[in-house]
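Chemist: Sequence:
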Amino acid sequence: MNRTTIAVSKKLHQELLLEKERLKAKTMEETIEKILTEYRKLKRILTVLEIIEKNKTEKKINLKEFLEDRRKWSTPRKFY
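Heads up: the sequence shown begins at 1 in my numbering, then just goes up one per residue.
Please keep in mind that the hints were generated in silico from the structure rather than gathered at the bench.
Hints may contain errors.
[As the list claims (entries may be wrong)] Restricting the straight-line Cα-Cα distance to at most 20 Å, the calculated cross-link-like pairs of lysine to any residue (SDA-like) are:
#	residue 1	residue 2
1	24	44
2	34	2
3	34	45
4	41	25
5	24	37
[Stated by the list, open to error] Quick list of simulated restraints, FRET-style, between CB atoms:
#	residue 1	residue 2	range
6	10	50	34 to 40 Å
7	14	45	26 to 32 Å
8	2	34	31 to 37 Å
Cβ coordinates follow ideal geometry from the N, Cα and C atoms, glycine included.
With the hints as constraints, model all of the structure from the sequences given.
Modeler: See below:
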């Protein structure tokens, strides 16, 4: 595994340490991975909500119809 060192401000480092405690992560790498996973999850949720809102304003489609239409969904991407 390759390691990367990144210079960050003291304030950001303190915030990362607090997140590490909150997430109960053992390493900083694990902390960052959990933060990114949480971010991706929230981003997908936000995208779905935006699509629902757009469809409501354009077509007045209801949530049930939207969920039945599987073409609207895309698989989440994994970044390595």
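Chemist: Hint by hint, note whether the structure agrees.
Modeler: Going through the hints against the structure:
1. Pair hint residue 24 plus residue 44 does not hold up; C-alpha atoms about 24 Å apart against a cutoff of 20 Å.
2. Among the hinted pairs, residue 34 with residue 2 is consistent with the structure: their alpha-carbon atoms are about 18 Å apart, no more than 20 Å.
3. Taken as a hint, the residue 34 and residue 45 pair is honoured in the structure, with Cα atoms around 17 Å apart against an allowance of 20 Å.
4. Under the criterion of a C-alpha separation no larger than 20 Å, the hint pairing residue 41 with residue 25 is consistent with the structure, at around 18 Å.
5. At roughly 15 Å between alpha-carbon atoms, residue 24 and residue 37 fall within 20 Å of each other, so this suggested pair holds.
6. For the pair residue 10 and residue 50, the beta carbons lie near 36 Å from each other, so the given range of 34 to 40 Å is met.
7. A beta carbon spacing of about 28 Å between residue 14 and residue 45 agrees with the range 26 to 32 Å that was offered as a hint.
8. Checking the proposed 31 to 37 Å range against residue 2 and residue 34 shows it is violated: the Cβ atoms sit about 20 Å from each other.
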